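Q: Given next are the chains, with one letter for each unit.
Protein chains: 2
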Amino acid sequence: MAISAVKRTEPKAVEQAIRALQAQLGNKVVTSDAVRAQHGHTTTWIPNQPPDAVVYAANTKDVQTVVGICAEARVPVIPFGTGTSLEGHVNAPLGGICIDLKDMNRILAVHPEDLDCVIEPGVTRKFLNESLRDQGMFFPLDPGADASLGGMASTRASGTNAVRYGTMKDNVLALKAVLANGEIVTTGRRAKKSAAGYDLTRLFVGAEGTLGVITELTLKLYGIPEAISAAVCPFPSVEAACNATIMTIQTGIPVARIELLDALQVKASNAYSKLTLKETPTLFLEFHGSAAGVKEQAESFGEIAKEFGGGPSEWTTKPEERTKLWQARHDAYWACSRLREGARPLATDVCVPISRLAECVVETQADIAEMKLIAPIVGHVGDGNFHVSIIVDAEDKAEMETVKKFLDRLAKRALSMEGTCTGEHGVGQGKMKYLATELGEPALDVMRSVKRALDPDNLMNPGKIVAL
Amino acid sequence: MAISAVKRTEPKAVEQAIRALQAQLGNKVVTSDAVRAQHGHTTTWIPNQPPDAVVYAANTKDVQTVVGICAEARVPVIPFGTGTSLEGHVNAPLGGICIDLKDMNRILAVHPEDLDCVIEPGVTRKFLNESLRDQGMFFPLDPGADASLGGMASTRASGTNAVRYGTMKDNVLALKAVLANGEIVTTGRRAKKSAAGYDLTRLFVGAEGTLGVITELTLKLYGIPEAISAAVCPFPSVEAACNATIMTIQTGIPVARIELLDALQVKASNAYSKLTLKETPTLFLEFHGSAAGVKEQAESFGEIAKEFGGGPSEWTTKPEERTKLWQARHDAYWACSRLREGARPLATDVCVPISRLAECVVETQADIAEMKLIAPIVGHVGDGNFHVSIIVDAEDKAEMETVKKFLDRLAKRALSMEGTCTGEHGVGQGKMKYLATELGEPALDVMRSVKRALDPDNLMNPGKIVAL
Chain A
12 MAISAVKRTE
22 PKAVEQAIRA
32 LQAQLGNKVV
42 TSDAVRAQHG
52 HTTTWIPNQP
62 PDAVVYAANT
72 KDVQTVVGIC
82 AEARVPVIPF
92 GTGTSLEGHV
102 NAPLGGICID
112 LKDMNRILAV
122 HPEDLDCVIE
132 PGVTRKFLNE
142 SLRDQGMFFP
152 LDPGADASLG
162 GMASTRASGT
172 NAVRYGTMKD
182 NVLALKAVLA
192 NGEIVTTGRR
202 AKKSAAGYDL
212 TRLFVGAEGT
222 LGVITELTLK
232 LYGIPEAISA
242 AVCPFPSVEA
252 ACNATIMTIQ
262 TGIPVARIEL
272 LDALQVKASN
282 AYSKLTLKET
292 PTLFLEFHGS
302 AAGVKEQAES
312 FGEIAKEFGG
322 GPSEWTTKPE
332 ERTKLWQARH
342 DAYWACSRLR
352 EGARPLATDV
362 CVPISRLAEC
372 VVETQADIAE
382 MKLIAPIVGH
392 VGDGNFHVSI
402 IVDAEDKAEM
412 ETVKKFLDRL
422 AKRALSMEGT
432 CTGEHGVGQG
442 KMKYLATELG
452 EPALDVMRSV
462 KRALDPDNLM
472 NPGKIVAL
Chain B
12 MAISAVKRTE
22 PKAVEQAIRA
32 LQAQLGNKVV
42 TSDAVRAQHG
52 HTTTWIPNQP
62 PDAVVYAANT
72 KDVQTVVGIC
82 AEARVPVIPF
92 GTGTSLEGHV
102 NAPLGGICID
112 LKDMNRILAV
122 HPEDLDCVIE
132 PGVTRKFLNE
142 SLRDQGMFFP
152 LDPGADASLG
162 GMASTRASGT
172 NAVRYGTMKD
182 NVLALKAVLA
192 NGEIVTTGRR
202 AKKSAAGYDL
212 TRLFVGAEGT
222 LGVITELTLK
232 LYGIPEAISA
242 AVCPFPSVEA
252 ACNATIMTIQ
262 TGIPVARIEL
272 LDALQVKASN
282 AYSKLTLKET
292 PTLFLEFHGS
302 AAGVKEQAES
312 FGEIAKEFGG
322 GPSEWTTKPE
332 ERTKLWQARH
342 DAYWACSRLR
352 EGARPLATDV
362 CVPISRLAEC
372 VVETQADIAE
382 MKLIAPIVGH
392 VGDGNFHVSI
402 IVDAEDKAEM
412 ETVKKFLDRL
422 AKRALSMEGT
432 CTGEHGVGQG
442 KMKYLATELG
452 EPALDVMRSV
462 KRALDPDNLM
472 NPGKIVAL
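Taken in order, these protein sequences are the chains called A and B. Last residue of the first sequence: 479 (the numbering used here), numbering continuous. Last residue of the second sequence: 479 (the numbering used here), numbering continuous.
The hints are simulated quantities; they were obtained by calculation from the structure and are not laboratory data. Predicted, not measured: the structure shown is a model, and the values here were computed from it. Each hint should be verified, as a subset may be incorrect.
Since the list gives no way to pick out one identical chain from another, each pair is judged satisfied if it fits inside one copy or across any two copies.
[Said to hold, decoys possible] Taking lysine-lysine pairs in the DSSO-like style, the calculated list, with each CA pair at most 30 angstroms apart, reads: (1) Lys23 to Lys231; (2) Lys39 to Lys137; (3) Lys306 to Lys23; (4) Lys306 to Lys317; (5) Lys383 to Lys423; (6) Lys317 to Lys329; (7) Lys423 to Lys231; (8) Lys329 to Lys306; (9) Lys415 to Lys231; (10) Lys23 to Lys278; (11) Lys231 to Lys444; (12) Lys383 to Lys329; (13) Lys329 to Lys289; (14) Lys383 to Lys444; (15) Lys231 to Lys306; (16) Lys408 to Lys317; (17) Lys285 to Lys137; (18) Lys278 to Lys113; (19) Lys39 to Lys278; (20) Lys306 to Lys408.
Just need the whole structure built from these sequences, with the hints factored in.
A: Encoded structure:
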């Protein structure tokens with residue numbers, strides 16, 4: 012049954028569910044238009060699709076209550092973290108009850124000797140890192156937005172540090188989730204590794220709330236490196252920057268971050284973040300290690316950059332300069348929006364084998380030029396992953412048609428290069444149509460089988476990832 | 012339905028399946044007692060459980076043929092790599108057809124720029140590394156045995172290098188598998204990361220052949236480090252060695268290997284591998300990096316060791332000395348067997364949070380002493396993972412009862428310390444009984460649901476991981 016064939020839940024069932032929720036959870040249940048609209052929003056081309064009500068869950072029991080009532084009334088359940096996902100993950104295309112997890116924001120335990128912590132899903136990455144700093148530890152994953160860690164797990168997020176520290180799949184040791192049947196599943200223990208049965212942790216990481224609602228996470232932590240240095244290195248072309256990246260990774264330099272900004276993004280960031288960079292393809296880098304190690308890494312990279320016509324690279328170990336640089340990188344999204352009055356960025360991502368990266372970026376730039384779009388590119392290039400932020404006037408129908416065509420060509424280009432339609436944003440609603448090309452029908456059949464096995468009534472965040 | 016309630020397949024169905032296989036696959040089908048016994052063996056306390064026939068598959072089509080015929084006749088299918096797994100994974104408790112994958116041993120592609128390769132499942136780790144060496148790359152995972160990579164993926168193997176390079180879950184980019192319905196599923200692409208749907212790669216890694224037969228693997232590779240050094244460091248006690256390990260990991264020293272041998276294992280290895288080490292708890296280490304980086308790592312470790320009364324550590328960058336050291340570590344299993352005439356080692360593993368490691372090892376040593384067993388301990392201590400090799404006379408029933416009691420206490424001890432009943436050996440048949448304590452019934456229910464969804468007739472390696 013295709014999602015398009017699935018009707019919105021019967022209004023009577025929804026009303027009944029909301030009444031039951033109100034009886035049990037009181038003013039944690041909100042049905043105002045403003046709050047509903049805020050939870051049905053998206054930063055894609057997908058229109059706002061509000062849920063019928065929002066429940067602010069305070070604990071696992073609240074989540075179980077919502078899931079139980081919704082299961083009985085056959086009403087969808089949509090988990091919500093900070094709403095910073097980009098492919099229509101938290102929208103409610105079929106209506107239903109949104110569970111906002113922002114109040115489940117406690118750090119339950121920190122184990123410095125084991126370098127792990129146990130948290131609730133509403134904890135955001137910045138809050139976690141502020142809480143850990145005094146103990147000399149940090150959680151490295153950084154998707155830009157101050158996302159909730161439950162949301163980051165659900166979308167298999169990664170970001171700038173993933174080239175060294177991996178993605179959420181690599182940094183969630185275990186989790187708990189409320190299943191469609193109301194039970195609480197525990198997927199693992201605190202041991203650093205385990206071969207004890209199916210990898211349920213990885214099954215829920217990236218499942219976008221379609222298999223259950225994550226209510227607890229055990230995360231790996233890392234000691235704050237003795238030394239951190241950051242560098243900025245201009246290149247004559249995107250190819251040169253990509254080739255220097257390939258060589259850096261091949262040589263085994265353990266870069267913590269290696270980010271490409273194309274010339275247009277540099278221009279936008281110069282204006283927004285008051286930088287004075289040369290407007291040419293540029294790599295932002297960060298090195299973690301001992302003082303001597305960091306110096307050696309920066310020098311080795313400098314030599315590689317030179318080989319490809321890049322440089323001179325400027326590098327710094329001063330925290331305030333590093334912060335300014337990475338703040339500029341994080342603000343790339345906002346910087347973009349200033350490129351065109353009254354327009355906003357529509358962000359997407361793809362990921363290809365690194366050997367195809369330069370080709371994929373250059374072809375994409377040609378497409379942007381041909382289609383007369385304004386669309387800067389930034390990339391986590393150490394992983395072959397890049398983002399395009401198309402600055403659109405969402406009210407202009409003809410323009411939006413062009414943008415949709417561009418997005419389609421971008422996803423198909425990445426797929427034609429042995430890549431994926433999404434390196435880190437997730438499938439949501441926006442990328443569903445590419446999964447069959449990416450993985451083939453048997454893979455989709457397996458996904459459908461797993462989904463049906465765990466959520467036979469298709470109530471957990473329906474209409475996302477795979478059509479049943 | 013408990014596995015114990017499942018009867019062996021009807022002899023007539025088996026006969027019919029074997030005839031059909033012979034008609035299609037000719038002399039790839041072997042039914043001799045010797046070959047069947049060889050494929051039903053195990054290095055646990057579980058008795059030999061031979062399959063009804065062994066098929067030497069040459070390609071994916073052969074695997075599909077076997078699965079198709081077995082599905083029609085309702086006969087179990089058991090995939091087999093090198094048979095080095097330790098918990099009764101490849102035995103055939105219900106009979107059935109074993110698919111030996113050793114002839115599917117081709118390296119299909121190597122992509123040096125992307126640091127990945129595509130291989131068939133019968134390729135062993137040593138063969139892969141020999142083939143890659145000239146290109147300056149290696150696949151780091153090393154469980155000791157020269158296991159097949161399909162088997163290593165299926166058991167979520169790891170070994171000595173996992174502390175730095177992760178386990179098979181971290182190093183399989185994608186795979187193909189023949190499902191119970193005969194279809195070939197592709198779980199991913201060559202991009203370094205993806206957020207495109209459920210993580211099917213991780214679903215098959217560690218599934219022990221119970222969800223399908225792996226027929227192709229895309230693996231991450233690494234550049235051979237510029238410099239490698241190895242060190243040996245004696246400690247006054249297991250606690251001291253464990254505490255030095257904790258501090259090493261916390262400090263962020265990127266050790267490639269950090270292995271504990273207890274005093275008895277050092278004694279055994281001295282005798283077998285002609286070493287002259289002091290018979291006290293000892294760490295074997297390896298450092299990977301630049302020449303300067305490796306020196307710095309070794310020095311930092313040396314200072315930490317000293318703080319805990321360890322050392323002096325001897326270290327070397329000479330390949331022949333390193334090889335001798337790691338050969339001795341790999342031969343630990345054989346060294347053990349010499350500790351007692353006519354006996355053989357029965358190996359098991361557990362993994363605990365590293366903060367509990369010393370306590371877990373010391374309690375286990377006390378148990379060994381109390382039960383009058385001969386059982387050296389070696390451990391991948393950077394991960395909190397350790398092995399006990401109990402040197403047993405498998406014919407002595409009373410002794411085997413003691414050993415079973417010891418194994419049970421060991422698994423329960425690890426579980427009581429927030430650990431797992433198996434860090435890397437897998438569940439097989441031997442550890443099934445601990446999963447409910449480790450993860451709880453809801454997790455087992457999820458595993459059963461997934462298993463039933465993908466293999467409704469329970470034909471793929473039945474009787475392993477979870478009872479249906």
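Q: Now tell me if each hint is right for this structure.
A: Hint-by-hint comparison with the structure:
With identical chains, the CA atoms of Lys23 and Lys231 are never at most 30 angstroms apart, being 45 angstroms at best within one copy and 53 angstroms at best between copies. For the homomeric pair Lys39 and Lys137, the shortest alpha-carbon distance inside one copy (25 angstroms) is at most 30 angstroms, but the shortest distance between copies (59 angstroms) is not. Taking identical chains as interchangeable, the C-alpha atoms of Lys306 and Lys23 are never at most 30 angstroms apart, the minima being 66 angstroms within one chain and 71 angstroms between chains. For the homomeric pair Lys306 and Lys317, the shortest alpha-carbon distances inside one copy (17 angstroms) and between copies (27 angstroms) are both at most 30 angstroms.
Taking the closest pair of Cα atoms, Lys383 and Lys423 come within 30 angstroms of each other only inside a single copy of the chain (19 angstroms); across copies the shortest separation is 65 angstroms, beyond that limit. Taking the shortest alpha-carbon separations for Lys317 and Lys329, only the intra-copy value of 24 angstroms comes in at or below 30 angstroms, while the best inter-copy value is 33 angstroms. Only between protomers do Lys423 and Lys231 lie at most 30 angstroms apart by alpha-carbon distance; the minimum there is 24 angstroms, versus 35 angstroms within a single protomer. When the C-alpha separation of Lys329 and Lys306 is checked against a cutoff of 30 angstroms, the pair qualifies both within a copy, at 13 angstroms, and between copies, at 26 angstroms.
Taking identical chains as interchangeable, the C-alpha atoms of Lys415 and Lys231 are never at most 30 angstroms apart, the minima being 38 angstroms within one chain and 34 angstroms between chains. In this assembly of identical chains, Lys23 and Lys278 lie within 30 angstroms of each other by CA distance neither inside one copy nor across copies; the values are 54 angstroms within and 75 angstroms between. Taking the shortest alpha-carbon separations for Lys231 and Lys444, only the inter-copy value of 28 angstroms comes in at or below 30 angstroms, while the best intra-copy value is 33 angstroms. In the homo-oligomer, the alpha carbons of Lys383 and Lys329 never lie at most 30 angstroms apart, since the shortest distance is 40 angstroms inside one protomer and 60 angstroms across protomers.
Taking identical chains as interchangeable, the C-alpha atoms of Lys329 and Lys289 lie at most 30 angstroms apart only when both belong to the same chain, with a minimum of 21 angstroms there against 47 angstroms between chains. Taking the closest pair of Cα atoms, Lys383 and Lys444 come within 30 angstroms of each other only inside a single copy of the chain (25 angstroms); across copies the shortest separation is 63 angstroms, beyond that limit. Taking the shortest Cα distances, Lys231 and Lys306 sit within 30 angstroms of each other both inside one copy (27 angstroms) and across copies (27 angstroms). Taking the shortest Cα distances, Lys408 and Lys317 never come within 30 angstroms of each other, neither inside one copy (46 angstroms) nor across copies (70 angstroms).
When the C-alpha separation of Lys285 and Lys137 is checked against a cutoff of 30 angstroms, the pair qualifies only within one copy, where the shortest distance is 24 angstroms, while the shortest distance between copies is 54 angstroms. For the homomeric pair Lys278 and Lys113, neither the shortest alpha-carbon distance inside one copy (36 angstroms) nor that between copies (56 angstroms) is at most 30 angstroms. Taking CA atoms no more than 30 angstroms apart as the test, Lys39 paired with Lys278 passes in neither setting, with 45 angstroms inside one copy and 65 angstroms between copies. Taking the shortest Cα distances, Lys306 and Lys408 never come within 30 angstroms of each other, neither inside one copy (52 angstroms) nor across copies (62 angstroms).
Checked against the numbered hints given earlier, the structure breaks hints 1, 3, 9, 10, 12, 16, 18, 19, 20 and satisfies all the rest.
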